[in-house]
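Just so you know, the sequence shown maps onto residues 1 to 191 in UniProt numbering.
Source of the hints: derived by calculation from the structure; they are not laboratory data. Predicted model only: the values in this text are computed from it and were never measured.
In silico lysine-lysine, DSS-like type, Cα no more than 25 Å apart, as pairs: (1) Lys82 <-> Lys185; (2) Lys115 <-> Lys139; (3) Lys185 <-> Lys115; (4) Lys115 <-> Lys184; (5) Lys13 <-> Lys68; (6) Lys115 <-> Lys128; (7) Lys143 <-> Lys185.
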Amino acid sequence: MEIGNKMIKISWKYRIIFAIGTAILYTFLLWTFDYFSDEKLYSINSLIFQGVFFGIFFGIGFPYVNEKFAGKFSKKMGMQIKPELELNEEIEIEGPANLFRGIEGVGGKIFLTNKKVIFKSHKINIQKGQTDIEYSTIKEIVKRKTAKLIDNGIRIITDDGKEFDFVVNERDLWFDKITVRWNKKTQYNNV
Numbered sequence: 001m002e003i004g005n006k007m008i009k010i011s012w013k014y015r016i017i018f019a020i021g022t023a024i025l026y027t028f029l030l031w032t033f034d035y036f037s038d039e040k041l042y043s044i045n046s047l048i049f050q051g052v053f054f055g056i057f058f059g060i061g062f063p064y065v066n067e068k069f070a071g072k073f074s075k076k077m078g079m080q081i082k083p084e085l086e087l088n089e090e091i092e093i094e095g096p097a098n099l100f101r102g103i104e105g106v107g108g109k110i111f112l113t114n115k116k117v118i119f120k121s122h123k124i125n126i127q128k129g130q131t132d133i134e135y136s137t138i139k140e141i142v143k144r145k146t147a148k149l150i151d152n153g154i155r156i157i158t159d160d161g162k163e164f165d166f167v168v169n170e171r172d173l174w175f176d177k178i179t180v181r182w183n184k185k186t187q188y189n190n191v
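With the hints as extra help, turn the sequences into a complete structure.
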């Protein structure tokens, strides 16, 4: 089973609003540079033309190119990520994720197996490798916000105090799936 692999489609309304906002912001920045410089850098026509061109390119063109190529690229990268499993260990759920190691958000895949949570980074990262978190060592699982704004983070705290901060799509579903497996292991270990 895979979670979080759907590409988010951006509506045309949002693209146009983004294009207008980007154009206005870019034009304002150019005008600010022009205003504070000693000599006149841009005419009004030049500012308007550059702002409109920049807005169209980044508001409409960039999301279009991203839709066409990013999905293919990320699928290809994701297909190559295979974790190292123990004997009798099976992958039950997998999906794209980031794991923060220090200040770097390391891209890769998260796997839920019958024994543990596994994060395996893809090859493009500076920090590579596999992180294994046994369900029996988990002390707490917390929903969190990324950059204190976006509801897409999960923090796993282990018995030894280590914190693993994940960024995933469909956070609530991932949270439920991890919690179910963690509860099963804790009940099994307490019996």
